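Model the placement of chains B, C and D with the ligands on the given structure of chain A, informed by the hints.
Residue numbers (this note's numbering), protein chains in the order written: chain A, 81 to 413; chain B, 81 to 413; chain C, 435 to 728; chain D, 323 to 835.
Incorrect hints may have been included.
Claimed, not checked - With the C-beta cut set under 7 angstroms, the calculated list includes, among others, these residues of chain A facing chain D:
id, residue
1, 186
2, 237
3, 239
4, 242
5, 244
6, 282
7, 284
8, 285
9, 291
10, 298
11, 300
12, 304
13, 308
14, 362
If you are wondering where the hints come from, they were derived from the structure by calculation, not from laboratory data. Please read all numbers here as calculations on a predicted model, not as lab measurements. Virtual Cβ for every residue (Gly too), placed ideally from N, Cα, C.
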Amino acid sequence: MSASAPDMAAKPARGFRIDLKTAGPLVALALLVLLGVTLNENFLTYNNLTNVLARSSFIGIIAIGATFVITSGGLDLSVGSMAAVIAGAMIMVMNWLIPSMGIGWGVVLAGMAVGILVGGVAGVGNGMMITRGRIEAFIVTLGTMGIFRSLVTFLANGGTLSLNFEVADVYRPVYYDGLLGVPYPIIVFALVAIGGEIVMRRTAFGRYCAAIGSNEQVARYSSINVDNVRLMTYILQGVLVGVAVLLYVPRLGSASSTTGVLWELEAIAGVIIGGTTLKGGYGRVWGTVVGVVILGLIGNILNLQSLISPYLNGAFQGVIIILAVLLQRGRRR
Amino acid sequence: MSASAPDMAAKPARGFRIDLKTAGPLVALALLVLLGVTLNENFLTYNNLTNVLARSSFIGIIAIGATFVITSGGLDLSVGSMAAVIAGAMIMVMNWLIPSMGIGWGVVLAGMAVGILVGGVAGVGNGMMITRGRIEAFIVTLGTMGIFRSLVTFLANGGTLSLNFEVADVYRPVYYDGLLGVPYPIIVFALVAIGGEIVMRRTAFGRYCAAIGSNEQVARYSSINVDNVRLMTYILQGVLVGVAVLLYVPRLGSASSTTGVLWELEAIAGVIIGGTTLKGGYGRVWGTVVGVVILGLIGNILNLQSLISPYLNGAFQGVIIILAVLLQRGRRR
Amino acid sequence: AQDKVTIGVSVPAADHGWTGGVNYFAQQAIDRLKTTYPNVDFVFASAPDAPKQIADIEDMVSTRNIDALVILPGDPDAMTSAIKQVKDAGKFVTVVDRQLSISGVENLYVAGDNPGLGANSAEYFKSVMPDGGNIVILRGLPIPIDAQRFDAFMAGIEGTNITVLDDEFANWNRDDGFKVMQDFLTRFPDIKGVWAQDDDIALGAIEAIKQAGRDKEMFIVGGAGMQQILQAVADGSALTPVDVSYSPAMIATAIELTTSHLVGGIQVAGRYILDSTLITKDNAAEFLDPSSPF
Amino acid sequence: MSSANGTSAPAILSAHRISKSFGDIPVLFSIDFDIRPGEVHAIIGENGAGKSTLIKILSGIEQPTSGSISFDGKTVVLPPNGAAEAMGIVLIHQEQNLAEHLTVADSIFLGRELKRFGFLNQAEMRRRAAAVMATLHVAVDPDARIGSLSVADKQMVEIAKAISRDARVLIMDEPTAVLSVGETQTLFEQIRRLTARGVAVIFISHKLDEIMELAQRVTVLRDGQLIATIGTEALTPDSIAQMMVGRELSNLYPPKHEPDVDAPVVLRVRNLSATGVSDISFDLRRGEILGFAGLIGSGRTAVAEAVVGLTSHTGGQIELDGKPVDFTQVAQSVDAGLAYMTKDRKGKGLLLNMGLQPNLTLLTLKKHMRAGFLDSASEARALERAVRRFDVRARDASVAVGRLSGGNQQKLMLGKTMESEPDIIIMDEPTRGIDVGTKQQIYHIIAALAAEGKSVIVISSEMQEVIGLSHRVVVMRQGRLAGVLEGAEITESEIMRYAAGIKQSGHDERISA
Ligand SMILES: Nc1ncnc2c1ncn2[C@@H]1O[C@H](COP(=O)(O)OP(=O)(O)OP(=O)(O)O)[C@@H](O)[C@H]1O
Ligand SMILES: Nc1ncnc2c1ncn2[C@@H]1O[C@H](COP(=O)(O)OP(=O)(O)OP(=O)(O)O)[C@@H](O)[C@H]1O
Ligand SMILES: [Mg+2]
Ligand SMILES: [Mg+2]
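The shape of chain A in the complex, shown without the other chains (with noise of 0.2 angstroms):
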């Protein structure tokens, strides 16, 4: 509540007119980059900055959905688990259907369809319990992030699911590889995220999600199937998901219980950093990627420098994460 009211008064992004607000998470990444700058040469180059931008992927691609979700007042703990469910879903059938399709583009892409799939159908079940059963979004996903988790332990027997190198070896370019030098998570993260950002400023499904989560009642007065806009969210969470997973799994070919721990909790600090309210009725896609690209950031720079003892790497990461909000608060006063 407090900390949303600074909004209220904000202006609505016309383009990418500059205020205060909006500048908060600019400076604080500008800030970390002038600090790893200081920390380390290599940090600049091309190398550098494509591995942390295409390692940020994942994460940011689930906190594009996460910030729809969060827009319209929900959350969803489950993402991480989510994650792991559809690795292991993937890779369970691209291995089973190799005797039948051979190794090729053919078993890859059946399994990135099955990774979408399942990630949608994830979606569907938590959006449906929040929306029809009535339950809070905390404990409907706080419930299936157990479920989830436990379905991939059951699934890979307490060990690991692993891709068949063969199939494997076709599908690494995915992740390693790229377009005029860009690899395709980072291709793939910059089009999820300009999609995103225009879905939510552009379409009116954007439009009823802010209106839900800043009031519900209203949103509903105003005709809008305020059931049907949140189920949606929780589908395009899923299947944001999937996405991720699909660039996921070429990087680690391999799915177990620890895939995905606590993503669900780096993704929703992304979305918060980038200037979302917790609360719902304001997001804004565009943050959530700096706030991943900041979180992306301080790993980097925790392991440009040998000064901080490893042992307070995470007292660094909070101490950033407070800051990089605090700069964008503190302006406003």
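Same frame as chain A, now just chains B, C and D with the ligands:
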């Protein structure tokens, strides 16, 4: 929003009037007990029940603090890490005092005082950043969660801090002994619960928490010092984490970087299962107690049977949590 | 050897006691070697999960110009291709404890013996329970190493009269060891032995057994060689008569071997298997190290 | 029944024997109602009579328990949740119904966004929003967030939203409650423009002169019963009032007791500047009722909020009983005997999800403590008192305040503020949405307060109210004090002249009486 709407008509609990919503978590608890009895004849033994309640007391006491924080529209993700820091600090101080004070209750009492103090200070830190710094509670406590966790890892040098064995022997009874056959942790839990219930229902502070969580502006216009009340909830939370740790340390006599991991999630889950609304405005302490006991029983029941593969423990937990809440929501429509 | 040498060390975050030990011993080794070899620089990172650990080693290659990598992969299957990239970039790679999913990637493999830990424990149970009896098992986390230990143990006791009443995950954590053991004690009136697989779990279980006053009825076998347990073994405790070594100090060995290879040109290659030995009252003294936090 | 405007066109929307119960509490009993194209049909009645409930049924927001609705001559079941808008039935809710985070343009088009190639056509929506706002003479940026608007501006946005739709039946539930004369007239112009085009308008208001001016027919409800539907020409304000309340209404305003000439100044404000206002100076004497008049957004609320410490002031001095004060917390002003009642009962006044009792005592909880604990018996007594004094009508005290009728919410808020037993009370739109009968009661309460030595500031957009109650009137314009009127000068035209900037008094001329 949708989830809180059903509260609208909820009668204020004057005395303990029974209504459907009130009954919800109790019904879930009863069903769980029934399940336990069916699965194992030892379930209802005095020993087993005191074991479960004593184990639940830490989370329970912390969750009672969380009830106030959440009722007033806040959130504290740092409680688990805070518990670890407090345990670490207590152990270090006690070990350090032995040369000067000798083995005995003196050292233990000093340790306890330190525990409460550290908890209070941590609460002040969280609360000040949230109220004075105007940073979202989610971000502040996510940040301090990392900071506290790092701190204890650093203090323990990545390993475990162990309490001197002789002092541990003096301290042990605080967890393992009891009064008239009731273990102390259960007694303390009960006292905190009764105290919490009274504060929530019968004091201005409790009323103010609900008012702030319901509508901060209205609270401000009603001459409530919103920032101070908020701050107080975080301090109360910190002190109660301290109290919980006073009971935790004598159990195993150690603290490490893994102490209290995910306690925050468990505490919040207990609060929400108990019927408090995550967005604030309505909270009940006794519900939280029931919620925490439900969570404790789920774990207990899982250990008392061999039907469910341990890989699926998480799924069972998830299903029960959702059902427990469905029970109280579903009845109202 | 070069003038200036940089060695990257990547380990999992201290999310339970044993990995806490890994972090500790890695730091110890680094501090020690830094003073011995002023021209060696170390980059140390610990990561909570596989993607983070991959990120760490990517960063070491692209921003810190490491010459060698010593890695204890948290999730070896997920890490294999990333480690292979480091190798392909011409770095010397030492893998610790956990086998990668394709062979021939690492230059040096310093291995603990997970199946050995299970098998050695099973041997002990067989020797002290020749007529069989009831035991319970407290497992770690549902990850491959746990499965290796568990499977080897179960294979070891096969054909004996030892009955496993139930097994549950205690997550290599004292609190969970306490809870699970409490409930097992509630459930089973007759338990002769407890295999806890890990000393952190064992410490929690011991408290539960003591609380129930059943410490005369059973014994408990942990693993990993934690000082607190070793001390008890050395003191001849009936509750913890033995322990099975699985020292997190193996990371230090790996760092030392790698450093001496790079600096001193000493040839190291292939596999170093560090046995999981049974620690008894007689040999406990060899393993005691009062300065270790583990 | 003969139609007032002479047309005998068939009804476009009608209700037959409509009854409604919430749970087992009946609220409406067998109501017949109809509206013809081009007609303004007013609904009046006491607070809680069931007006809002009736129009909610007529717009599909609520479903009747029994009875039927016909639209265009056909019996229909109206779709819920405002979907009836697609049929041309547009409703302005009594309680403002806007999402705080959205912009003005967003809000006006919410639920029926203009699109081009599937994407929002924001430029066009902004343009049209600006155009509608302009027809209402409201200078609000279409990109401004709703949360940053004043209550009156929000109401204008609601009106803009409604009139910008293709309405065949436009239903307005107390649209003028927070509007001043000027805005009301603009609204009426728009209503007349719409009715000329054949739009049917259902209009709810407690301001009887407005009804006389605008409506052709009037339906009177009392306690959920239909009393009568009558053509306006057969009515006088007095006869309507009598039908509503069921008794003869004596003089609405009590006689003014002039305060003693030597009564001390209890509140002295000098050169006050704060957000939205600057250089405000005035005095308030003991036993005085000081009216604050002005157009919407002229800064009356801003002055009050700065005085009590809700917002910080950037300059000037405030003296209470001769002592300089500088409140930074509302609690300080309450303790000093100065209370402020907000006009925004939904956003700032009441906790809608809580019962009557916690709402009433929230401001004064300290008075209901025994040995450090809340004394709910004492709270219950306070509620009983307030219910009697302000005639708050609720089924039972545990009902969530959000479910009370608008007027009863207002009365409860009045009760809440009076609980603090202030020596100086600032009331912002005190009779917003209150029926004439109760209004009279409240005016008498205000007069009685003044007579017993309390001082009252009444901020009101209802000119008659300011004139009828005040000993002196401060007129504000664009954040500044335009003039102070007293005695015979207090007339509608004089106030308007100052408010519109036609007349301006010298600076220190008449700060004090
Ligand atoms: N959702 C609801 N649940 C229960 N009771 C309700 C609900 N809505 C209205 N009521 C009750 O119905 C009665 C009529 O209310 P309504 O809002 O129609 O009155 P009104 O004539 O509009 O009054 P006002 O002039 O004060 O706005 C009141 O007693 C009110 O408490
Ligand atoms: N917090 C604020 N930030 C910016 N402008 C404000 C703020 N509060 C008030 N204003 C502006 O100050 C002016 C005075 O507003 P205020 O609400 O005090 O007027 P008012 O005369 O009380 O209006 P009404 O007739 O609606 O009661 C308005 O233009 C308003 O938009
Ligand atoms: Mg089992
Ligand atoms: Mg009404």
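Status of the hints after comparison with the structure:
{"no.": "1", "hint": "186", "result": "violated, 33 angstroms"}
{"no.": "2", "hint": "237", "result": "violated, 47 angstroms"}
{"no.": "3", "hint": "239", "result": "violated, 47 angstroms"}
{"no.": "4", "hint": "242", "result": "violated, 43 angstroms"}
{"no.": "5", "hint": "244", "result": "violated, 42 angstroms"}
{"no.": "6", "hint": "282", "result": "holds, 4 angstroms"}
{"no.": "7", "hint": "284", "result": "holds, 5 angstroms"}
{"no.": "8", "hint": "285", "result": "violated, 10 angstroms"}
{"no.": "9", "hint": "291", "result": "holds, 5 angstroms"}
{"no.": "10", "hint": "298", "result": "holds, 5 angstroms"}
{"no.": "11", "hint": "300", "result": "holds, 5 angstroms"}
{"no.": "12", "hint": "304", "result": "holds, 5 angstroms"}
{"no.": "13", "hint": "308", "result": "violated, 12 angstroms"}
{"no.": "14", "hint": "362", "result": "holds, 5 angstroms"}
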